[in-house]
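Line order of the protein sequences matches chains A and B. With the working numbering applied, the first sequence closes on residue 719, and no number is skipped along the way. With the working numbering applied, the second sequence closes on residue 719, and no number is skipped along the way.
Just so you know, the hints here were simulated from the structure itself, not pulled from any lab data. Quick reminder that beta carbons are idealized off the backbone N, C-alpha and C, glycines included. Please note that a few of the clues may not be correct.
Cross-link-like lysine-lysine pairs, in silico, DSSO-like; alpha carbons within 30 angstroms at most [unchecked claim]:
1) K703(B) <-> K682(B)
2) K675(B) <-> K566(A)
3) K716(B) <-> K487(A)
4) K513(A) <-> K345(A)
With the C-beta cut set under 8 angstroms, the calculated list includes, among others, these residues of chain B facing chain A [said to hold, decoys possible]:
5) G185
6) D392
7) N436
8) Y445
9) I522
10) L535
11) L546
12) R554
13) T558
14) N565
15) M674
16) F711
17) P712
18) A715
Number of protein chains: 2
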Amino acid sequence: MKLGLAQINPTVGDFEGNKNKIIQYARQAAERGAELVLFPEMAVCGYPPADFLDKQDFVQCSEEVVAEIARAVPEIAIIVGFVQRSTESVGKRVRNSAAFLKDGEVKFVQQKMLLPYYDVFDEQRYFEPAARQELLPFDSEKMAVTICEDAWNDGDFWLRPLYNVDPVELLLKAGATMVLNISSSPFHRGKPALRQRMLATVARSHGKVVAMVNQVGGNDGLVFDGNSVVLGPDGSVLGHAQSFVEELLIVDTDGPAIPQPETNADTELVDVYHALVLGTRDYVRKCGFERAIIGLSGGVDSALVAAIAADALGKENVLGVLMPSEYSSSGSVTDALALAKNLGIRVEQIPIAGTFDTFDAALAPLFTGMPRDLTEENLQSRIRGTLLMALSNKLGALVLSTGNKSEMSVGYCTLYGDMVGALAVLGDVWKTDVYKLARYVNRDGERIPESTLSKPPSAELRPGQMDTDSLPPYEVLDPILKAYVEHYQQAQDIAAHTGAPMKLVQAMLKLVERSEYKRQQAAPVLKVTAKSFGPGRRFPIAAKVQV
Amino acid sequence: MKLGLAQINPTVGDFEGNKNKIIQYARQAAERGAELVLFPEMAVCGYPPADFLDKQDFVQCSEEVVAEIARAVPEIAIIVGFVQRSTESVGKRVRNSAAFLKDGEVKFVQQKMLLPYYDVFDEQRYFEPAARQELLPFDSEKMAVTICEDAWNDGDFWLRPLYNVDPVELLLKAGATMVLNISSSPFHRGKPALRQRMLATVARSHGKVVAMVNQVGGNDGLVFDGNSVVLGPDGSVLGHAQSFVEELLIVDTDGPAIPQPETNADTELVDVYHALVLGTRDYVRKCGFERAIIGLSGGVDSALVAAIAADALGKENVLGVLMPSEYSSSGSVTDALALAKNLGIRVEQIPIAGTFDTFDAALAPLFTGMPRDLTEENLQSRIRGTLLMALSNKLGALVLSTGNKSEMSVGYCTLYGDMVGALAVLGDVWKTDVYKLARYVNRDGERIPESTLSKPPSAELRPGQMDTDSLPPYEVLDPILKAYVEHYQQAQDIAAHTGAPMKLVQAMLKLVERSEYKRQQAAPVLKVTAKSFGPGRRFPIAAKVQV
Numbered sequence: 173m174k175l176g177l178a179q180i181n182p183t184v185g186d187f188e189g190n191k192n193k194i195i196q197y198a199r200q201a202a203e204r205g206a207e208l209v210l211f212p213e214m215a216v217c218g219y220p221p222a223d224f225l226d227k228q229d230f231v232q233c234s235e236e237v238v239a240e241i242a243r244a245v246p247e248i249a250i251i252v253g254f255v256q257r258s259t260e261s262v263g264k265r266v267r268n269s270a271a272f273l274k275d276g277e278v279k280f281v282q283q284k285m286l287l288p289y290y291d292v293f294d295e296q297r298y299f300e301p302a303a304r305q306e307l308l309p310f311d312s313e314k315m316a317v318t319i320c321e322d323a324w325n326d327g328d329f330w331l332r333p334l335y336n337v338d339p340v341e342l343l344l345k346a347g348a349t350m351v352l353n354i355s356s357s358p359f360h361r362g363k364p365a366l367r368q369r370m371l372a373t374v375a376r377s378h379g380k381v382v383a384m385v386n387q388v389g390g391n392d393g394l395v396f397d398g399n400s401v402v403l404g405p406d407g408s409v410l411g412h413a414q415s416f417v418e419e420l421l422i423v424d425t426d427g428p429a430i431p432q433p434e435t436n437a438d439t440e441l442v443d444v445y446h447a448l449v450l451g452t453r454d455y456v457r458k459c460g461f462e463r464a465i466i467g468l469s470g471g472v473d474s475a476l477v478a479a480i481a482a483d484a485l486g487k488e489n490v491l492g493v494l495m496p497s498e499y500s501s502s503g504s505v506t507d508a509l510a511l512a513k514n515l516g517i518r519v520e521q522i523p524i525a526g527t528f529d530t531f532d533a534a535l536a537p538l539f540t541g542m543p544r545d546l547t548e549e550n551l552q553s554r555i556r557g558t559l560l561m562a563l564s565n566k567l568g569a570l571v572l573s574t575g576n577k578s579e580m581s582v583g584y585c586t587l588y589g590d591m592v593g594a595l596a597v598l599g600d601v602w603k604t605d606v607y608k609l610a611r612y613v614n615r616d617g618e619r620i621p622e623s624t625l626s627k628p629p630s631a632e633l634r635p636g637q638m639d640t641d642s643l644p645p646y647e648v649l650d651p652i653l654k655a656y657v658e659h660y661q662q663a664q665d666i667a668a669h670t671g672a673p674m675k676l677v678q679a680m681l682k683l684v685e686r687s688e689y690k691r692q693q694a695a696p697v698l699k700v701t702a703k704s705f706g707p708g709r710r711f712p713i714a715a716k717v718q719v
Numbered sequence: 173m174k175l176g177l178a179q180i181n182p183t184v185g186d187f188e189g190n191k192n193k194i195i196q197y198a199r200q201a202a203e204r205g206a207e208l209v210l211f212p213e214m215a216v217c218g219y220p221p222a223d224f225l226d227k228q229d230f231v232q233c234s235e236e237v238v239a240e241i242a243r244a245v246p247e248i249a250i251i252v253g254f255v256q257r258s259t260e261s262v263g264k265r266v267r268n269s270a271a272f273l274k275d276g277e278v279k280f281v282q283q284k285m286l287l288p289y290y291d292v293f294d295e296q297r298y299f300e301p302a303a304r305q306e307l308l309p310f311d312s313e314k315m316a317v318t319i320c321e322d323a324w325n326d327g328d329f330w331l332r333p334l335y336n337v338d339p340v341e342l343l344l345k346a347g348a349t350m351v352l353n354i355s356s357s358p359f360h361r362g363k364p365a366l367r368q369r370m371l372a373t374v375a376r377s378h379g380k381v382v383a384m385v386n387q388v389g390g391n392d393g394l395v396f397d398g399n400s401v402v403l404g405p406d407g408s409v410l411g412h413a414q415s416f417v418e419e420l421l422i423v424d425t426d427g428p429a430i431p432q433p434e435t436n437a438d439t440e441l442v443d444v445y446h447a448l449v450l451g452t453r454d455y456v457r458k459c460g461f462e463r464a465i466i467g468l469s470g471g472v473d474s475a476l477v478a479a480i481a482a483d484a485l486g487k488e489n490v491l492g493v494l495m496p497s498e499y500s501s502s503g504s505v506t507d508a509l510a511l512a513k514n515l516g517i518r519v520e521q522i523p524i525a526g527t528f529d530t531f532d533a534a535l536a537p538l539f540t541g542m543p544r545d546l547t548e549e550n551l552q553s554r555i556r557g558t559l560l561m562a563l564s565n566k567l568g569a570l571v572l573s574t575g576n577k578s579e580m581s582v583g584y585c586t587l588y589g590d591m592v593g594a595l596a597v598l599g600d601v602w603k604t605d606v607y608k609l610a611r612y613v614n615r616d617g618e619r620i621p622e623s624t625l626s627k628p629p630s631a632e633l634r635p636g637q638m639d640t641d642s643l644p645p646y647e648v649l650d651p652i653l654k655a656y657v658e659h660y661q662q663a664q665d666i667a668a669h670t671g672a673p674m675k676l677v678q679a680m681l682k683l684v685e686r687s688e689y690k691r692q693q694a695a696p697v698l699k700v701t702a703k704s705f706g707p708g709r710r711f712p713i714a715a716k717v718q719v
């Protein structure tokens, strides 16, 4: 059969916009000869809607829009994700459901059975799970209609299943001839390959076609990568949509397999770059803005963010601001200017020495006899943050913050200073990966100046300051932090497998624990790893923890 | 029998401190003749530990500490809350459990069956629920050992139960003679009375003694009120611990009922005040600090926070900072000075005009031809935030932010300006309640100057500015916001029941939706209502929502 997979980019709560997009894609699918077209999980309301699900009118609107879509496109069968009210007298009030639309009506509804509630997922907070799964007869097929996580509990794939039921297996035992899965499965590095391997295992072990449509686009910190796919009964790929763009994929489920490119560390890194670009673009635009402002220090983090912003929003929509102090090297200024020139973005300079001096004088009576310390370093950073926010206010553009995951882990960043911004573009990118992404940006010629990439990292908040004054080199630091922040390893295991001294490891882990208060006031972070700062990583602040 | 209820204040992750506290209270209970002493849910590790539960060493430590407590206090039977590893081969890896300790050993363990996953609760994220409940024989009794939510699904009390099983009913049907409940049940306004009414319904409808011990103390935004209680088979109170303080309550379960004071709106308000004091004290101290800094505007919000801080930390540990601008009225300065004198706190003045002018001059080349607007108002606020943070850095004291729930709802506050701080003390207090709490502070004489309470509210960021230039009077605004923010009512219902014009209601709700980005970068908010900003209220930023 000819199957359509509509990999669309909905906006949370934009029922009118999402509805029109769904109708338009469904009509195109009909025109291109598809008999059935699939839309992602919660395509009608956008994913994740979070506590909007606690609002009755939100859920009611979702139900109404599904009926409107059915009436608007009677010429093709549609499966689309939406939320609906639960009719049970006990439990949660909402269901995460898939509607089958045909001949102008909602003919069949299947609710989601497995509700993820780990990392960024809170679905048990909102949804009553399906009590049972039913087959959907369509043409000569009996369809297993599943929603995202429903297909993520395969006993052959996972070492330790999270749930004691596998809806896919149940449906196949009941006679399903094809598995359909509508997803809103967010990206992290390596996830597209993992997802496809997992679905191929399901196809192969049951000998059935598996079709999965995934949402694409950014919603706050989450980026959905698309990568919708149809797999043959032997696990081979019958059709595959692109990453990080909307697409209507039409696949003949009886067609031949198509060759698949290999993935490796390099392709994963490219995925991360595209995720950051799409995440930045959608965050800015879905917030109702067009333009972004970035403080340019001459360093690699702000240079990479400027390149991402230029690719996401267009160079004409990016303003770079240099805010040199007496501690800024001349190299930093020339590097930042060269970057702006390479990218073709507007650049402005606002020196901060005068403002710093007036703060210094205002505070002097209270600081008599006290030595200079971190206070004065943070003050410079906060002056810069205040200038960027003034520009944001006056020009109606969002500030993008430039801190990386290494800095945010150990607190090597200033709250209300360099942390200001609407979005922490690199908040989930380790410093060592920042360099790799910068090299990728320069793949066709220098955009980020070579001197930015070759000089040692420095915050330039006191004379001659280097990051290595406070921290080990990032090649040493990042593996320690990654093991702790992403994999929750203990100090002694980290010391053993990284080869770093136990004292150093413990000192770094203590910095992580002491910086939680900064992270809780950080801008939303674009998630590109399996464990990002933000809603998927929840730690208390006023806690006492041994490391 | 003589039952001990140890209403203690543990710190999350402080296994050594919590263990010593539990041992000390258990010994006291034995000395005072109790046969059995109860400690709160997760007393061993503190509640809520959040994602620390994903760390194997954290859970292992919890198991070890329970065994150590058993060995340390063999002279009395103990029931204590802890977390333990799940031994299942499927599902979540941790259990929320109660251990019964006797004769130096762990003799019995009951796991929690009902795991709350709404508002601030995420327990399904971590815990595998109990598959069954078992009775604990003790002396001549058969104890129903339940953990917090296990007792919150009574079919006689709730209109619509959240869970399809009632563990208390199951245990009573199996022959339980007494219900024990160990809780970490956080405070909100009216909750202590609700909790007790609910437990009294359980006692009465089954005709059994019900004993509930509750944690006390602040952990980040949550404040636990204690109010541990023993109820007789007729629902009367046999013993009751105080609110908001640690206490070892010893109750004879065969003893007489004691008279109970009535609760009303006034006593609820006093509870809120005590919650704010305890929450502030514990946040500051559990973060390792002793002192707080507050920007004093001469207005009621900062005056109330200063009074709370003085009560929480001692007047000698509070620094008030006046940062007047050219728009500050002379009344504001004299009011703030009078407040500081009344409270006996140190006060300093740092005028901001000079700093504002240097910012203004630095930005002038970029702002040529553009009119003054919100930018310059925010700039003043951010200069003040930067000064407060400089003092915080240099003096090693935490900044307390002073914004109230009304302002945070509509975004009438400056991100990185007046929103800076380690804790948003009044972030869950409506402006109209701020005035009531201020009156309570003045119950025995003027601490907050009368002129602060009687003058119209103003941000004083431009000449003659009044809050009512941008917003309706708070008597009109607060009911609108409360209906929307706490009860998720729709605009037309709000207009109908408040009598406010639909246009005004919609305008205010739009402000709420547009301000979400500010709230997500706010300091932790002390929760004192059923729906507070913070982790219990999760909304996306980049969304499009009709109001």
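>> Interface hint check: I522(B), Cβ to nearest Cβ on chain A, cutoff 8 angstroms. Holds or violated?
In response: I522(B) check passes; min Cβ-Cβ to chain A is 5 angstroms, inside 8 angstroms.
>> Tell me if the straight-line CA distance from K716(B) to K487(A) falls inside 30 angstroms.
In response: With Cα atoms ~26 angstroms apart, K716(B) and K487(A) stay inside 30 angstroms; holds.
> Taking 30 angstroms as the top limit, are the C-alpha atoms of K675(B) and K566(A) close enough?
Replying inline: holds (28 angstroms)
> Is the shortest C-beta separation between T558(B) and chain A less than 8 angstroms?
Replying inline: Given a least distance of 4 angstroms, the restraint on T558(B) holds.
>> Run the distance test for K703(B) versus K682(B): straight-line Cα separation, threshold 30 angstroms.
In response: Roughly 19 angstroms separates the two Cα atoms, so the pair holds.
>> Using the nearest Cβ pair, does L546(B) come within less than 8 angstroms of chain A?
In response: holds (6 angstroms)
> Between K513(A) and K345(A), does the CA-CA distance stay at or below 30 angstroms?
Replying inline: Violated: K513(A) and K345(A) sit about 62 angstroms apart, past 30 angstroms.
> Does the CB of N436(B) sit less than 8 angstroms away from some CB of chain A?
Replying inline: violated (29 angstroms)
> Against chain A, is R554(B) within 8 angstroms by beta-carbon distance?
Replying inline: R554(B) check passes; min Cβ-Cβ to chain A is 4 angstroms, inside 8 angstroms.
>> Restraint: M674(B) near chain A, CB-CB cut 8 angstroms. Satisfied or not?
In response: Nearest chain A Cβ about 15 angstroms off; hint violated.
> Given D392(B) as an interface hint, is the shortest Cβ-Cβ distance to chain A below 8 angstroms?
Replying inline: holds (5 angstroms)
>> Under 8 angstroms is the threshold here; is the Cβ of Y445(B) close enough to any Cβ of chain A for the hint to stand?
In response: violated (20 angstroms)
In this structure, the hints that do not hold are numbers 4, 7, 8 and 15, in rising order.
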